[in-house]
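Colleague: Working from the sequences, and respecting the hints, build out all of it.
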Amino acid sequence: MKMANVTMYCTAVCPYCTMAEKLLTAKGVKEINKIRVDLDPAQMGEMIAKTGRRTVPQIYIGSTHVGGFDDLSELDQGGGLAPLLAE
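Number 18 in the UniProt record's numbering belongs to position 18 of the sequence shown; there are no gaps in the numbering.
Hints are computed from structural coordinates only; laboratory data are not their basis.
Backbone N, C-alpha and C fix where the C-beta goes; we use that ideal spot for every residue, glycine too.
Please note that the accuracy of each hint is not assured.
The following label-pair restraints were derived from C-beta to C-beta distances [what the hints assert, rightly or not]:
| # | residue 1 | residue 2 | range |
| --- | --- | --- | --- |
| 1 | 42 | 13 | 15 to 21 Å |
| 2 | 51 | 80 | 14 to 20 Å |
| 3 | 2 | 40 | 16 to 22 Å |
| 4 | 13 | 83 | 31 to 37 Å |
| 5 | 79 | 22 | 17 to 23 Å |
| 6 | 11 | 65 | 15 to 21 Å |
| 7 | 53 | 31 | 32 to 38 Å |
| 8 | 77 | 15 | 17 to 23 Å |
| 9 | 79 | 25 | 15 to 21 Å |
| 10 | 79 | 11 | 28 to 34 Å |
| 11 | 18 | 48 | 30 to 36 Å |
Below, computed lysine-lysine pairings styled on DSS-like, alpha-carbon distance capped at 25 Å [said to hold, decoys possible]:
| # | residue 1 | residue 2 |
| --- | --- | --- |
| 12 | 2 | 34 |
| 13 | 34 | 50 |
| 14 | 34 | 22 |
| 15 | 27 | 2 |
| 16 | 2 | 30 |
| 17 | 22 | 2 |
Modeller: Structure below.
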């Protein structure tokens, strides 16, 4: 089964980023395109412009903005994460 592309805006020391990565990995995601906003402030501006949010992680599955870890977890518990990942 082909997985959707996953992109995550994150920082090095964010516990929610780590939890999101663990959840996605547990769901079979092998590769996450991480955009480190702590290393590139311009990426932080891009993230805020795209999502309207200032906190990390901000997760995209394909072209769908899922949100942060709480949103991802809620999507998973509601049964919506697997179909989104399945592309």
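Colleague: Does each hint hold? Answer for all of them.
Modeller: Status of each hint after checking the structure:
1. 42 - 13: 15 to 21 Å: holds, 20 Å
2. 51 - 80: 14 to 20 Å: holds, 18 Å
3. 2 - 40: 16 to 22 Å: violated, 29 Å
4. 13 - 83: 31 to 37 Å: holds, 32 Å
5. 79 - 22: 17 to 23 Å: holds, 19 Å
6. 11 - 65: 15 to 21 Å: holds, 18 Å
7. 53 - 31: 32 to 38 Å: The hinted range 32 to 38 Å is violated for residue 53 and residue 31, with Cβ atoms some 23 Å apart.
8. 77 - 15: 17 to 23 Å: Between residue 77 and residue 15, where Cβ atoms are some 19 Å apart, the hint holds.
9. 79 - 25: 15 to 21 Å: Holds: the Cβ-Cβ distance is about 19 Å, inside 15 to 21 Å.
10. 79 - 11: 28 to 34 Å: For residue 79 and residue 11 the Cβ distance comes to about 30 Å; the hint holds.
11. 18 - 48: 30 to 36 Å: Distance hint for residue 18, residue 48 is violated at roughly 22 Å.
12. 2 - 34: Status holds; Cα separation ~19 Å.
13. 34 - 50: The hint holds at about 16 Å.
14. 34 - 22: holds, 13 Å
15. 27 - 2: Holds: residue 27 and residue 2 sit about 13 Å apart, inside 25 Å.
16. 2 - 30: holds, 11 Å
17. 22 - 2: holds, 19 Å
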